[in-house]
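There are 2 protein chains.
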Amino acid sequence: MTAASPAARERLYLFDTTLRDGAQTNGVDFTLADKLNVIGLLNRLGVDYVEAGYPGANPTDTQLFAQKRPSAARVTAFGMTKRAGRSVSNDPGVAALLAAEADAICFVAKASAFQVRVALETTEEENLASIRESVAAAVAAGREALVDCEHFFDGFKENPDFALACAEAAYQAGARWVVLCDTNGGTLPHEVEAIVARVTARVPGSHVGIHAHNDTEQAVANSLAAVRAGARQIQGTLNGLGERCGNANLCSLIPTLLLKGDYAERFETGVSREALAEIGVVSRTLDEMLNRSPDRHAPYVGESAFATKAGIHASAILKDPATYEHVPPEAVGNQRRVLVSDQAGRSNVLAELERLGVPVDRADPRLARLLDEVKEREALGYAYEAADASFALLARRMLHSVPDFFTVERFSVKVERRYNAKGEMTTVAEAIVKVRVGDEVFISAAEGNGPVNALDVALRKDLGKYQPYIAGLRLTDYRVRILNGGTEAVTRVLVESTDESGARWTTVGVSPNIIDASFEALLDSITWQLLRSGAPG
Amino acid sequence: MTAASPAARERLYLFDTTLRDGAQTNGVDFTLADKLNVIGLLNRLGVDYVEAGYPGANPTDTQLFAQKRPSAARVTAFGMTKRAGRSVSNDPGVAALLAAEADAICFVAKASAFQVRVALETTEEENLASIRESVAAAVAAGREALVDCEHFFDGFKENPDFALACAEAAYQAGARWVVLCDTNGGTLPHEVEAIVARVTARVPGSHVGIHAHNDTEQAVANSLAAVRAGARQIQGTLNGLGERCGNANLCSLIPTLLLKGDYAERFETGVSREALAEIGVVSRTLDEMLNRSPDRHAPYVGESAFATKAGIHASAILKDPATYEHVPPEAVGNQRRVLVSDQAGRSNVLAELERLGVPVDRADPRLARLLDEVKEREALGYAYEAADASFALLARRMLHSVPDFFTVERFSVKVERRYNAKGEMTTVAEAIVKVRVGDEVFISAAEGNGPVNALDVALRKDLGKYQPYIAGLRLTDYRVRILNGGTEAVTRVLVESTDESGARWTTVGVSPNIIDASFEALLDSITWQLLRSGAPG
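Residue numbers (UniProt numbering), protein chains in the order written: chain A, 1 to 537; chain B, 1 to 537.
Simulated from the structure, these hints should not be mistaken for laboratory data.
Take these hints with a grain of salt, some might be off.
Beta-carbon label-pair distances, calculated as ranges [unchecked claim]:
1. B:R504 x A:T426: 47 to 53 Å
2. B:E424 x A:R474: 30 to 36 Å
3. B:R273 x A:E447: 51 to 57 Å
4. A:P468 x B:Q67: 56 to 62 Å
5. A:K157 x B:R504: 43 to 49 Å
6. B:R504 x A:A379: 24 to 30 Å
7. A:M398 x B:E354: 56 to 62 Å
8. B:R273 x A:N90: 18 to 24 Å
9. A:A379 x B:R355: 36 to 42 Å
10. A:A379 x B:V428: 55 to 61 Å
11. B:V139 x A:A379: 33 to 39 Å
12. B:L356 x A:R362: 43 to 49 Å
13. B:T123 x A:D372: 31 to 37 Å
Even glycine gets a Cβ: it sits at the ideal position worked out from N, Cα and C.
Using the sequences provided together with the hints, build the complete structure.
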């Protein structure tokens, strides 16, 4: 591939199947409202096609296609080609597709002689006829037609003539796109490139698409290999959702297509540079909707995608970010993070302080003390790279000051397992906390579903004048690890918190006593919330 | 590439850097004990090299290399080449590497003229001299030498002569391996293939390695592209740990190399088919050690890698698994997940019972009930794969019987933080446990450094006639994870125990209350110890 002037760039089409193949993900269920939200996200991004579901297969999808949905991307209905042994006009599946309020219809058809024989139990001729007649019916009904050639690559390896005949049948019947599917996900990039080249010798590449799965962790590479061999449509999903190991991840593919090497020079897509800078938000919004923890290591969009831990790397990054960044994080709406840990140097600490908004003078001699303190505390079990809010508090305490908003004078927690009045074995947890806020003293008690929960509820029950500042605070994760084993074991607790604005922060506590460690992390979380929300000291 | 007879297969070397580059992962901290465990896992798998750390960079790694570690894989120490402006014999970093108890030394050296200028602030000549002299010093000290050519691909694009000069300098000075590093992770597979081919025209491919990062989600594809261009060593990590988006994932690469297409035909590695079938266990053991949730969508080893949700796929799978599986799940120690009564699940349970010494008849109808029970309890949060002793107890209870050695009638735990008589803030934890052993009742109280420790000590203080059997029991690890998040969150506790014989077992407890969950795991541990030491029922 060689460089081309912008005017001569070839158009590459993006087809999103988050709502269809992505809905096959173990643990993922979209409501109708979810689906409409995702259609919105995909339009914000600028993909060309949204495969929104399978009308007739379930009530949600049937309802979705019952009315026209506003979308710049072409809303696509997925379904099977007509069954063998019946006419297309007499096939309820095809009828449901034709009745669906969709811009395009994507038929799935087997392109493997083995599959036709074993799974469909029909003949190759019947299979070809189903493709031709179904596509013709969609075109006659004024719809754009696509054909997903299922098992195309495995089918090609076993019987190339039949696989090619399926692709040609679809194209000749009028399909806008003939999509080559690596349904089982086992095909390797060099195979994809060679096989797609064989197809584009028969069907114009401008009508060929690729649908890759991640079963060898190469769905992205397979998609790009197909493009190199001439394919001009890529099917994928947000965050790589999809059956088994997922589909090709559009959140990785889109930045590569727009930012990297000869793809950016040779192709254009419907995604603008401005939309690209929102891809991180799109990715996280989907995770939030599905209540999945974002993959912090995800390429481009992950929290750690531009994070550096090693001290030698950090000092180079501060000299020139291009030394350790393959693309600028801002281009994909992400940010540089320099992690603080016992492997970190001064540069890591400086960069992290800047990100956290803690003002610091590079020449301040207390910086060296802070670095020593971090190393000493990490040797005790603290993990500041995972606990940004605790690090920010530590730094503010050493470099500036943090108000003593309140002090805890004592607390006690009790857990008891015993028979209750009905003779059932039951466990109760309760906590009492005594807090001083200025001249006032508050004693609060609470029950909880465990000692830490009881302590958390009691602690946040009444902080006097600070209560409004912490009203929206919520614990979202709690992790415990015992360090060093044996008799000198200490417990490290990480607490993740959030508030109504969606801000998220993590704090750490370390102690031989899990309750003490949890309490320390809870206190840091509340103090951080008071500090960041501007509570008066 | 064409097929080769087994005798003519080329050897491909695997270099694991989980303990070095993997230690750069955001949120990952290995203790010395963790590192020794991982060395064990990697030997079980059969990799050729284990890069265990960076002696001198932090106390853990210095301690690790202070003595010879038993390992079939070559234990490798990582560090920098000598600094510019000083002799190799006068460089403390190189001295630490030469003093390290390691089989091999992997030097990292810049191979980019830009990096040499901007990050190192030295000259190209100095950089080449550092490579030559450092390698020569390692070879003279009787160590195998490797050179990680940092930023090789970016450096090559900008100044191919200098990048190649670095690679050649390393090879000519006697390095066994010249490793081409895509340090920033932004190079694409077609670029890797073209550039590696340029290197193998100058340095024999049998001395060239590839070190890829996953910043475009193509670390696996890049590694394979390098092999296609002649490289014969792959560097990667378990579960793709590593800085930012991670390194090439050996848990994806190894199955592909052993099972797929022409890689399996053309190459051999140190990993046997038997070891391959344990790769899933290796992957999960590492996650468990680091207290990370396994990625259920991970290729080959993920819980969902062979799971089918779509009805049309499931019926085809039942006709012939090859219709929807690219490799047999058993080959990588995984299992098909379609139906509850599937045979793979049954054989896994049988194999595990055999391993744990629980006698069972293959035709016993209660096996199916046990399988259902395991699935139901795992859905509640139990993790029997990690908790062998709890699984063995569950199986024995359902297939045979387990004596009620003792019953706990009630317990209570109290944790209190308050000022002591000297005016110091102090935290005390104490527990009371009432146990019935036959006709005798024992009430024991104990203090501990935390509530679980207090409960454990009180529980094991006096079990009457069973006391001699549990005298050597000791808790060695304790892990907690919150599952499901939100209001329905439950806590899962894993407890690892050991006794004087060195036997080691893990038990699990699940409850909304962490104390209840911990208590359940403690009870299982004691019961298991009584059972295995032949205590009378």
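Do the hints match the structure? See the list:
1. For R504 (chain B) paired with T426 (chain A), a C-beta distance near 33 Å fails the hint of 47 to 53 Å.
2. Taking the beta carbon of each, E424 (chain B) and R474 (chain A) are about 34 Å apart, inside 30 to 36 Å as hinted.
3. For the pair R273 (chain B) and E447 (chain A), the supplied restraint of 51 to 57 Å holds, since their beta-carbon distance comes to about 55 Å.
4. For the pair P468 (chain A) and Q67 (chain B), the beta carbons lie near 58 Å from each other, so the given range of 56 to 62 Å is met.
5. Roughly 47 Å separates the CB atoms of K157 (chain A) and R504 (chain B), a value that falls within the hinted 43 to 49 Å.
6. Judged by the Cβ atoms, the range 24 to 30 Å given for R504 (chain B) and A379 (chain A) holds: they are separated by roughly 27 Å.
7. Taking the beta carbon of each, M398 (chain A) and E354 (chain B) are about 58 Å apart, inside 56 to 62 Å as hinted.
8. The hinted range of 18 to 24 Å is not satisfied by R273 (chain B) and N90 (chain A), whose Cβ atoms lie roughly 51 Å apart.
9. Taking 36 to 42 Å as the suggested C-beta distance range, the pair A379 (chain A) and R355 (chain B) conforms, at roughly 38 Å.
10. For the pair A379 (chain A) and V428 (chain B), the beta carbons lie near 26 Å from each other, so the given range of 55 to 61 Å is not met.
11. Taken as a hint, the range 33 to 39 Å holds for the pair V139 (chain B) and A379 (chain A), whose Cβ atoms sit roughly 35 Å apart.
12. The supplied range of 43 to 49 Å is broken by L356 (chain B) and R362 (chain A), whose beta-carbon atoms lie about 59 Å from each other.
13. Between T123 (chain B) and D372 (chain A), the C-beta spacing of about 34 Å keeps the proposed range 31 to 37 Å intact.
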